[in-house]
Amino acid sequence: MDRSESVTQAPPAATILDGREPSGQRPPVGAASRVAIRCRDVHKFYLAGERSVYALKGISVDVREREFVSIVGKSGCGKSTLLHCIAGLLPVSHGDIAIGGEQVSKPGRRDIGLVFQTSALLRWRTALENILLPAEIFGLPRQQVEARARQLLRLVEMDGFEHQYPNQLSGGMQQRIAIARALVHDPSVLLMDEPFGALDAQTRETMNLELMRIWEATPKTVVFVTHDLQEAAFLSNRVIVMSARPGTIQEIVDVPLPHPRGRDMLYSPEFVATVKRLRELLSAQREGSRDGT
Amino acid sequence: MAPEALVQPSDADLYRHFYDHEVREQARRRRRARIVNLLGRSVIVAAFLGLWTAAAAVYPPIIVPSPLATWRALVTEIGTLAQNTPPTLIEIVLGFLAGSVLGIGLGALVAQSRWAEIVLRPYLVVSQAVPKVALAPILVILLGYGLTSKVTLAALIAFFPLLENTIAGLRRVDLDSLRLLQSLGATRWQIFTKLRVFCALPLVFAGLRIAAVMATLGAIVAEFVAGNRGLGALLVVSMGTFSTPLLYATMVVLTALAFSVYLLATWLERKALHRYNLAAPRA
Chain A
404 MDRSESVTQA PPAATILDGR EPSGQRPPVG AASRVAIRCR DVHKFYLAGE
454 RSVYALKGIS VDVREREFVS IVGKSGCGKS TLLHCIAGLL PVSHGDIAIG
504 GEQVSKPGRR DIGLVFQTSA LLRWRTALEN ILLPAEIFGL PRQQVEARAR
554 QLLRLVEMDG FEHQYPNQLS GGMQQRIAIA RALVHDPSVL LMDEPFGALD
604 AQTRETMNLE LMRIWEATPK TVVFVTHDLQ EAAFLSNRVI VMSARPGTIQ
654 EIVDVPLPHP RGRDMLYSPE FVATVKRLRE LLSAQREGSR DGT
Chain B
32 MAPEALVQPS DADLYRHFYD HEVREQARRR RRARIVNLLG RSVIVAAFLG
82 LWTAAAAVYP PIIVPSPLAT WRALVTEIGT LAQNTPPTLI EIVLGFLAGS
132 VLGIGLGALV AQSRWAEIVL RPYLVVSQAV PKVALAPILV ILLGYGLTSK
182 VTLAALIAFF PLLENTIAGL RRVDLDSLRL LQSLGATRWQ IFTKLRVFCA
232 LPLVFAGLRI AAVMATLGAI VAEFVAGNRG LGALLVVSMG TFSTPLLYAT
282 MVVLTALAFS VYLLATWLER KALHRYNLAA PRA
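Note that the protein sequences, when read in sequence, are chains A and B.
FYI, the numbering for the first sequence is 404 to 696, going by the numbering used here.
FYI, the numbering for the second sequence is 32 to 314, going by the numbering used here.
Excised from the complex, chain A in its bound form:
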């Protein structure tokens, strides 16, 4: 909010879809000054069988337009709960969440795209048909959307696979399709809940690079939940560190890395320092908060 990042230039209004950097200018990066997601004093309390869980306690945070924000924390710190509340999948117990100035009350907003840990692709639909699913639910005109879906396939480098079924694709490929599906209705906000958590280390690193490339090409407001600190540092403009029981924001860490970000960045002193800082913050938390979700 007050900490200003290197906002160099406003991104072009038109969304770039071909995945290539516009020639002669650096890709649009960093956040605009307008607030995309506003959380004000959000509390979430629920009963899970015998247990009562104070999952979120007084969360207040703003995410600016076209900003990439990660949420990290140990298991059970409420990071996924917060994301689900932002998506409207869970009602909050107190406080409010607004996206684009509009209060979140129920799921199904067209300005949100969601990616989960599992790709949740429907196995009786081809890759292309899976990408078109949100458009069908929203009742968008099929022809325009199909053209866009094909562009997205190219963006996630899955062109040629549009008629493959999910079980014919690897885990990483399935997540690429899931990302394309989340983008098909051109949402302004992308919410990602540990999208690469189920992938092996190499695939995960590739997917991080890919996601960065995609984001630099089509900057969206992204909220990205992960427990991988390197992933968070590499991708984000800011990292929200949460502590558990009850889930609160411990600190928000700025990531001073420039764009475009590539593999080299992983060895830069700024990157290493950011990961170290995040690790220190997490290990400073009480050990007592380490148990299941």
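Fair warning: there could be bad hints in the mix.
[To be verified] Partial pick of chain A residues on the chain B-facing surface, computed with a CB cut under 8 Å:
no.	residue
1	477
2	490
3	509
4	510
5	511
6	517
7	523
8	525
9	537
10	540
[Stated by the list, open to error] Simulated crosslink set (SDA-like; lysine to any residue; CA at most 20 Å straight-line):
no.	chain 1	residue 1	chain 2	residue 2
11	A	460	A	514
12	B	225	A	527
13	B	225	A	545
14	A	509	B	216
15	B	225	A	531
16	B	225	A	548
17	B	225	A	511
18	A	460	A	479
19	A	509	B	221
Keep in mind the hints are simulated off the structure, nothing from the lab.
We put the beta carbon where it would ideally sit given N, CA and C, even for glycine.
Since the structure of chain A is already known, use the hints to place chain B on it.
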């Protein structure tokens, strides 16, 4: 490769050699497996026919006719058998269709509401336990000796496995996919048509396969009781007139009929599951 040449085989040669060898080995293993399977199956058929012949030698032909006598009856009585097959076949097909439509339809309705399922559950369980075959006399008294009573019993017996499987299938959704659709704000109807129906398909088709066989059973039992026409009635008549070879021949025809219906259902199942990429285990 002459031995005196002493040329080192290249990698490509080695690859070729191992590849050809493995292909030959694989083909040999497959051939052997096919022969062994065929042999095993033939032994069972031979044993069956042997036991039957032995039994026919021990008992008088009026109690156990030999396989040969059964075959002769099948040939000489082909007219009677052919005459009695269409009614039974019609009952099976109509019963199967009616039972399937009702079972799937009602199952889909019940699965729409948790409440409906909870309220109906005990009755569904009890109705499962009712020996449906025992309803044959009641149905014949109620609906007469015509087609209706037989189709009704066939339908009733086919109905229950489908009801059960449809409800279970529609409930058995992939939770991640459900969450995805909910996150998109999908309506109940959209979740039904885009997700639940497909998740239910494998179980519904398994139900159809069972229902096909059950419909055959229902039709035959109803014909036992009504006893005026059809292969089931022919069984009763043959028994009454001690035409045991005809009895056995009728049994053969009935088995062939039931088996064809089963094959048809299996074929349909394979087609549909293949069409929707549901045949392989879930990825």
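Structure versus earlier hints - violations, ascending order = 1, 11
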